[in-house]
Structures are given as structure tokens and as C-alpha cells.
Amino acid sequence: MRDDFPSLDIKLPKIKPGVIKLIVVAVVVLILLAGSIYQISPEEIGVILRFGKFVRTTNPGLHIKFPLGVEKLIKVPVQRQLKKEFGFRTTRPGIRTEYRVTTESQREAVMLTGDLNVAMVEWIVQYKIKNPYNYLFKIRDADSTFRYMNEAVVRRVVGDNSVDEVITVGRARIANEAKEELQKLCDLYEIGIEVNQLIFQDVNPPDPVKPSFNEVNESLQEKERKINEAWSEYNQEIPKATGEAEQTIRGAEGYAMERINNSKGDANRFIAIYREYARAPLVTRKRLYLETINLILPKISKKIIFDEKQKNILPLLNLGEEVKK
Amino acid sequence: MNKATRNIIVIVVAFAILIVLLNTLYRVYETNQVIITQFGEPIGGAITKPGLHMKVPFIQKTNYFEKRWLEWDGDANQIPTKDKKYIWVDTYARWRISDPLVFFQRVRDERGAQSRLDDIIDGETRNAVANFDLIEIVRSSNRAFELTEEMAILDIAAAIPEIKTGREKIAQIILEKSSEITPEFGVELRDVKIKRINYVEEVQRKVFDRMISERKRIAAKYRSEGDGKSAEIRGQKERELKKIQSEAYRKAQEIKGKADAEATKIYANAYNLDPEFYSFMKTLETYVSSLDKETWLLLSTDAEFLKYLKSSKR
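Going down the list, the sequences are from chains V and S. First residue of the first sequence? That's 1 in our numbering, and the numbers climb one at a time after it. First residue of the second sequence? That's 1 in our numbering, and the numbers climb one at a time after it.
Heads up, some of the hints might be wrong.
Unchecked claim - With beta-carbon atoms standing in for the labels, derived distance ranges:
#, chain 1, residue 1, chain 2, residue 2, range
1, S, Asn131, V, Gln201, 43 to 51 Å
2, V, Ser232, S, Asp260, 52 to 60 Å
3, S, Asp133, V, Glu237, 30 to 38 Å
4, V, Pro42, S, Ala16, 45 to 53 Å
5, S, Ala303, V, Asp266, 53 to 61 Å
6, S, Pro275, V, Ile305, 18 to 26 Å
Unchecked claim - No farther apart than 27 Å at their CA atoms in a straight line, the calculated lysine-lysine pairs in the DSSO-like style are these:
#, chain 1, residue 1, chain 2, residue 2
7, V, Lys75, V, Lys16
8, V, Lys83, V, Lys65
9, S, Lys177, V, Lys184
10, V, Lys303, S, Lys229
11, S, Lys313, S, Lys293
12, V, Lys72, V, Lys128
13, V, Lys53, S, Lys61
14, V, Lys303, S, Lys307
15, V, Lys75, V, Lys128
16, V, Lys302, S, Lys310
17, S, Lys293, S, Lys258
18, V, Lys302, S, Lys242
19, V, Lys286, S, Lys177
20, V, Lys303, S, Lys258
21, S, Lys242, S, Lys258
22, V, Lys72, V, Lys53
Derived from the structure by calculation, the hints contain no laboratory data. Values in this document were obtained by computation on a predicted structure and should not be read as measured data. The C-beta atom is built at its ideal place from N, Cα and C for all residues, glycine as well.
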């Protein structure tokens, strides 16, 4: 076609034909180059179609292909971890991520449990495109199909569990089961997706039922509290009583010791005195008697002595007056 | 013919050849299959091999169809189950154009196919759901629930009936029934899956009420358990206290008693040497300790220690 241009040359006499040729060649080469050189970033893989037919995949780096629509390039981010959210939508990811719950996402979350109750399950799934060929050419709308698969699988697994298992004890197990089943379904559908993780986020009873679920938690706390209080009373009083018991026993032991020592002391004293007494009983008796009298009499302030023949002494004494003093 | 005219003719001819060529060659993508029609009449079978192909220009036309698996997403349907529970059932299916020729003749395009699928799958879903109890549609196995404390209280396990068919098989039934019809318009159906099941508003309210009453029962149980257990602990404490106190008392009394006995023995052994002397001594001691300055002492002169007051004779 370049041969046609000289005829146009006539109308543009000021520019030399050689220069025009050069420019045209340069432009054409540029166009061809732009159409043939392409770059694949590290996280991607390039899929090349020649006249619509899949011919090869290319790894990250700089590559060339046939230009002018002969070969077409589709880039697929195979290394990128992709994520889908169910039951909620992240509106602004960041340190304080914001969530939005829409009617549609609410519908995604509501599910029937195996005991015919209702639970609200929010989950995320992280996945990679493992097989770009399958992902692109085996299934149309792989993305939305993948969403449907998620919903069907999670609901099926939740449908085989009780509401208590879904909300509390079985969460991790159910998520894991769902992940495995989802992977199986992906393989069956040849959708080219590898499921990396399926994680349950908030799993709640429906809003109208929530207060009663909280009430159960509260009652459980209350139960624990009552039991703890009783035990703390127990722990307060029993050691104290044990200590007091010990005190009582030690006191009794002290009493015993005192009693025995006292008795031994008394007895030994008596025995000692008796030994000497036995040698001279009469005089000792007398001495002891008189010594005692000697001890008592000075202490007593009111002493009345009367003759043995004079029997009526009492009327003379004004006993009452003395007592008054 | 001058040079300019010749050049124009060359250009025109080149364009003509290009147009014919473009109309002869056509691309089949990995995702496509093509039916060639001549004056609207399909010629030959479907071209499914991707790449560059040729046809008779202008007379023959290409009709592109999808080769990939396509999705069908039904609207949620309100369906009563066999046990008269009204639920919303939402299904999805995967299908593909298995026979583009028949497809082209019967439904023309995907829109037509989708609406046929709507009719068929919705209808079969309705039939299947109406033939089973709700539990059969929710559950897919008779897996025993993990027994939590809450469930033990409610005794849920006993209340859940055994299932015979289950969700998976019901979906399978819908698929099989629908698949009998779809080949008629060149469509192969691969999966029908139940995406969502939900209670209809009024039923849902009743279910919520039941859930609430169940939870209230559990809460009441926990509360009374708390009361019971704490009373038990208090009782145990009382018992323990009495035991500790009484045992201590018993021990103390035993120790004291033994000591008293020992003391009694020691006294008896000593005083038995001369009981008369003991009583003499003890009496004298008693005088000392019991008589003080408040005491009146009336003494007769015949008292022993006053005998010298009257006379000194022996």
C-alpha cells in the first residue's frame, strides 16, 4: 500500500517523498510493536487466543504476540487472593473497616438450621483462580456462579446442624465442612477456582430472637455467680472454723497440762509436809494449828470472846448497826 | 489510462477483495459455537472448534452461540411443603447449549431458553417441594447433632424426625424431571441446587416465638440450677462447720477429762497416805483463805487456842 502514496505527493510538494515514507514506516512499525509487545505483572498470567482459539499461556514478564487482532490477550490474576463476602458488604476497607448490611446481603445470611430454627450466618470466602482456561472458557459468569455455589453449600451444611451448633460449638467445623464441599463442587463444575479459606464471621440468631439468646447467657452468668458466691462463703468460713477448733483443742491441752502439773505440785507438797509430820505428828499439828490462827486473827477486826458458861451474849450485840457501817 | 486512474482502480479492487475475504473468514472463540445459515436455513452441524473458519461470503451467515456452562437463577417461589409449611424456595441451575441447531430452531436465543427453563424448573421445584416435609428439604443427612447443654435441656434430638430423602436427593429429583424436557430445545441441564429456603413471614414469626420460648426455658433452667447448686454448697458448708466445731469440742472434752482423771489419781495417791492429816491441812488452808476482816469471830473460852487465856495450868 505504501506504493500508493507517491500519487498523493503531488499535492504536497514541499515535503520530500523520502521523509513521508520514513514517517509512514515509523508509524506502521509503532502500531505493530504496540500491538505485539505486552507485559504480564507478577500476579497475573496471560492467556493468548489466536483467531479465538486458545494457544498458550504466558508467565509474568515482557512478551510478544501477533498484532492486528490475530492474537488476543486476556490477563488473569492467578496469584491474587480474591475474596467474596456473604451476608454483609465491606464499604470501606481499612483499619476501621465499615460494613453495610443491605436487604440482599440480609437475604444471603438468613438460613434454616437442622432443627428448623433460623440463624443469620455471615461468611467470607477467599479463593484464587487456579486454572485460567477453565475459569474463562468452561463456564460463563464464573463469579456469580461461584456466589450461588457458596450460598447453596453453606446452607446445605448449616441445614444439617442445630442452631446451637451453628452459633456456638460447631462454627469452625461447619465452616471447614463447607469449604471442603465448596472445593469439591468447584472441581465438579470445572470452574477453575481454588478455595483457600471459608471463614464464618458473625453468626447470630435473628434479631427478634437475640434478646432471649442473651438472656440464656445472662442466666448462665448468674448461675456461675451464685455458685461462686456460695463457694466464697464456704472458703471464708471453713478455714476460720478450723482455726477456732484448733484453738479450742490447744486450750484444752493447756488446761490438761495445768491441771496435771498443779495436782502433781499439790501432791508433792502434801507428801513432803506429811513426811515431816509423820515423825512428830502431835507437835506439828499443834504448830500448824497455831500458825494458822496467828495468820487469821490479825486480819479479823471483830472478835468477840465469851465465857463458856455465859450463853446469852448475842442480845448485847447490835449486829444490824455494824453491818450498816 | 493515466497513472492516477490506475491507482484508484487498484485501491477499489483491493477493498473489494478485503471485504469478500472478511465475509468469508470468521472466528470461532473458545467460548463459542457457530451455526451457519443460508437464507435463514441452517447448513451443516455446529462448528465448535475454535479458530479461523471459512464460509461462502454474503450468502451464508454466522450465528454465534455460547459453548460454556451457563447459569440459570430462578426467582424465589412461595411453596407449601407436604406438612403445610409455607416457604420461599430459591434455586439455581447450570445448563449449556448442547445442540445448537435444535436450540436455534426451537428457542432462537438465550432469552427464549431462560424463559423455558423458568417454566420447567420452577414447576418441577414446586412439585418436588410439595411432595416432601420441610425437614426433608432442610436436611441432607440424619447426622446426630452435637449435644450441647442447651440442647440437652430442650431434648431437641428426640423431636427431630428421621429424614428419608433429604435436600440433595430432592434437588436430584428436580434435575432429573427437568432434564427429561430440556433436550427438546437443545439444552443440557447439569445441576439444580437449592440456593435458599426461608420461611414465609407469618411462619417465620411463629418460628421466632418458638425459638424465644425455647431460650426462656433454658434460661429458667440455668437460674434454678444456680440456686440449687449454691444451696447445696451452703448446706455442705453448714455440715462441715458443725463437724469441725463438734469434733473440736469432743477432743477438748476428752483431753480435759483425761487430765482431770490423771489429777484425781495423783491427788488420791498422795492424800491416801493420811486422809485425816489431809483434811486437817486443807481445813486450815480454808480458814486462811475464807476468813477476812469483815468476818465476825465469836469465840468461846473453851476454844482450844483460848484455853491459856483462862489459866496457864497444863
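Worksheet item: Going through the earlier hints one by one, which of them does the structure break, listed in rising order?
Response: 1, 2, 3, 5, 6, 7, 8, 10, 11, 17, 18, 19, 20
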